[in-house]
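Going down the list, the sequences are from chains A and B.
So the first sequence is numbered by the working numbering: it starts at 742 and just counts up by one.
So the second sequence is numbered by the working numbering: it starts at 243 and just counts up by one.
In short, the hints are calculated from the structure, not lab data.
Even for Gly, the Cβ is constructed at its ideal location relative to N, Cα and C.
Incorrect hints may have been included.
Only pairs whose alpha carbons sit at most 25 Å apart, straight line, appear in this in silico DMTMM-like list of lysine to aspartate or glutamate [unchecked claim]:
| no. | chain 1 | residue 1 | chain 2 | residue 2 |
| --- | --- | --- | --- | --- |
| 1 | B | K338 | A | E1276 |
| 2 | B | K338 | A | E1396 |
| 3 | A | K1279 | B | E330 |
Here are some of the chain A residues that sit facing chain B, going by a computed Cβ distance under 8 Å [what the hints assert, rightly or not]:
| no. | residue |
| --- | --- |
| 4 | F878 |
| 5 | N1098 |
| 6 | M1107 |
| 7 | M1114 |
| 8 | I1117 |
| 9 | A1121 |
| 10 | V1125 |
| 11 | Q1126 |
| 12 | G1130 |
| 13 | Q1266 |
| 14 | Q1272 |
| 15 | D1351 |
| 16 | S1354 |
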Amino acid sequence: MALFGATLIQLAFLLTLSAIGMSAWYFWKQDLRFYVGARRSLIGASLLVIGAALTLIQQLLVGNYALEYVARYSSRTNDGIYKIAGLWAGMEGSLLFWASVLGTYIFLVSYFNRKRNRTLMPIVNIVLGIVMLFFLFIIINFENPFRVLPLGTAIEAQGGTGLNPLLQNWAMLIHPPLLYLGYVGFVVPFAFAVAALVTKRLDATWIRSTRRWTLIPWLFLGAGVILGGRWAYVELGWGGYWAWDPVENASFLPWLTGTAYLHSVIIQEKKNMLKMWNVVLIMITFTLTIFGTYLTRSGILSSVHAFAATDLGIWFFGFVVFIILSCVALLVWRKDELSSQRRLESFTSRESGFLFNNMIFLALAMAILWGTMFPILSEAVRGVQITVGSTYFNRITAPIGMLLLVLVGVGPLLSWRRTSRATLLRNFTWPLAAGTGTMVIAMLLGMRQVYPLIIAGLVAFVLAGILIETVNGIRARRRLAGEGVFLALRSMIDKNRSRYGGYIVHIGILCMFIGFAGKAFSTEQDVSLGQGESEILKGYTFTVDRFYTEEHPSYSAFIVDLAVEKQHRPVTVLRPERRHYTNWEDQPNTEVALFSRPLEDLYAIVGGYDPESDKVLLKIMINPLVQMVWLGGIILILGTLVALLPSRAERKAKEVTA
Amino acid sequence: MPGQRKKFIILIVAFSVVTFGWITIGAGSDEVPYVSIAQLVDTDHEWKQTRFRLGGYVDEGSIVYSNARRTVEFTLIQEDDQLPVRYEGLTPDMFKDDAEVIVLGQLDDGVFVADNLMTKCASRYEVDISEPAYDLGRKI
């Protein structure tokens, strides 16, 4: 089977190569047979890569520990589901997984464009083919997941090392695949942008064709980042969900530029402006996804996601440089076609709102990139590696984030082209009143921290804006179509799904900001407690009822029963654990005990047991409003789905053509 | 409207300058050098007042807990050099003999007093996730 898997990958490499050749030939000579041939080879290559990934999964499931990869990342004691997770637990597997996700996208793009975009598709195929070729090249030459262990190796006999216990968590099962689906997916709009440049078809066609192809990876990437935060929160036990780690940043950067792109394409669709800008934005986004992979995989930055340092770095770096140079060359070649005939007319227009939104997203991305790259830059310039920590990131990003919130509120209240003074007054009075009112009330209630106050005010401002617009829309429909409130709301959303989906996403973002603000009010305490002893934190009494050891098939656990009371009423019993997994005896694994109330999370971990004093060491935290971050994430996903799903009119149109 | 266009360009340039300044100033306020133990001895720089970061391995058998496990002392090794480290707080799961760690703190009388301890995994087999340490700083 090992040979089978490796052969599949090699065949896929050859097919991809021929697909690129045939596409180029078709583009040159317009011989339709080559177009069809290229399409078929590319689909064939994709299916082979997916087949190779499935082969590896099958090997993981049956437990062929003669394969080095299987022996390293799974074990007999792992549950089936965690055996599958082995596919993305290590370098070789995750590269193959990456390629197979790309293969899936290629397959879908070919399928949905089988009759459309015939001018763009040959170039799209070439771009997708080159990316695929690069990953297959790396897998074949450096990271073959089907390598066989030398005969009689100990780890084969013992039935594999198993997945690191830290990865054995539901969020870890979905987080990497989601991130990959997001990362890889941006290649599709990128390929279309390149094709539009090459073929000079720079109107909004390529943007309309890729609207969903952009929203889907954007959704996956966002959901993946949020789930990663959730995993860190419930599994790692330091009480937070975001640490500005280089690898986290690497996944966040393309999301930011991708968000900027999602906004700026609206202007091209509606006004046929910003052509150059949109092309550049999607190029940056795609480059950042490859660059992110490079950061993650090369080990040039010390990250807590310590992937083994390899010599792959140079290849990835070369690929990034190749992408950047080709993009710049393309832009220079087509710069005349990219200039717009129309100009922005006024500052107080929705166009300029979008433009500022874009600048702020880019500024945010720049700030994060700068901080992430700082160790490398400073070493190059000053000879010393200097790192910047979360203090830098929080200080820099907080005000930029606030500005962004302002725009979330202001943008939708502006009209296209220019907003008259009367409209400004009418649209802004109530939201502004709501914002200031909320801030005043919050201050009267004793809130003194600056950022939480600003966030509270801005949230009210944005919400009021959305609410007023929705209410006005419903009223208008009720008047014109005589519909009931809910029907009016439904048909209003259906008429303009991207717009109202966008508003729902905005509400999700607001929720998340409220959650971020909650961090300013969190409390934590390290305590050593003996049996029966207690600690009071923010009105909660934490009492150690007992501590004991439990044996399980794959681990043994040291458990503390921590009873929580508030005003003499029992709230819950927290049970933080410290586990020792078979095969991983020297790495204890803390299991967080988490009790979520609507407004705050009670969070406890056990750090150890001190036999001398017969006490356990605990870290107790009270984290307000963390729930809002996850709630915001769910709303964000729902909003994106609203924007993604076809409207009734679109569905009808499809039925007619079908 | 050429005048309008000029205004936009001025605004964009101004925004970029402010952002860039903001970023570089912000970075300067939270710079922590990453040094090696050898550098501490060799350079004339007075390291005593500076907060810095050190990376290395935990010397086998050097971990000693005290104060009901709330304080940990160990020896950090970098090739031929070594330095005693003290850290107060709960240690991350992967903190153990031979683990690769990154500590952040200050020198005090020949002992590196860390206020932040991060581990990278250097176990038998490459594993891709380790653990951010506690107290990575407040997030808004």
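Outcome of the hint check:
1. K338(B) x E1276(A): violated (29 Å)
2. K338(B) x E1396(A): violated (63 Å)
3. K1279(A) x E330(B): Cα-Cα ~23 Å, so holds.
4. F878: Result: violated, 22 Å to nearest chain B Cβ.
5. N1098: Violated - the Cβ of N1098(A) stays beyond 8 Å from chain B, reaching only about 12 Å at its closest.
6. M1107: holds (7 Å)
7. M1114: violated (11 Å)
8. I1117: With a minimum Cβ separation of about 11 Å from chain B (threshold 8 Å), the hint on I1117(A) is violated.
9. A1121: Check failed: Cβ of A1121(A) comes no nearer than 13 Å to chain B, outside 8 Å.
10. V1125: The hint holds - V1125(A) has a Cβ within 8 Å of chain B, the shortest such distance being about 5 Å.
11. Q1126: holds (4 Å)
12. G1130: holds (6 Å)
13. Q1266: violated (11 Å)
14. Q1272: violated (14 Å)
15. D1351: holds (4 Å)
16. S1354: Since the shortest Cβ distance to chain B is 5 Å, the answer is holds.
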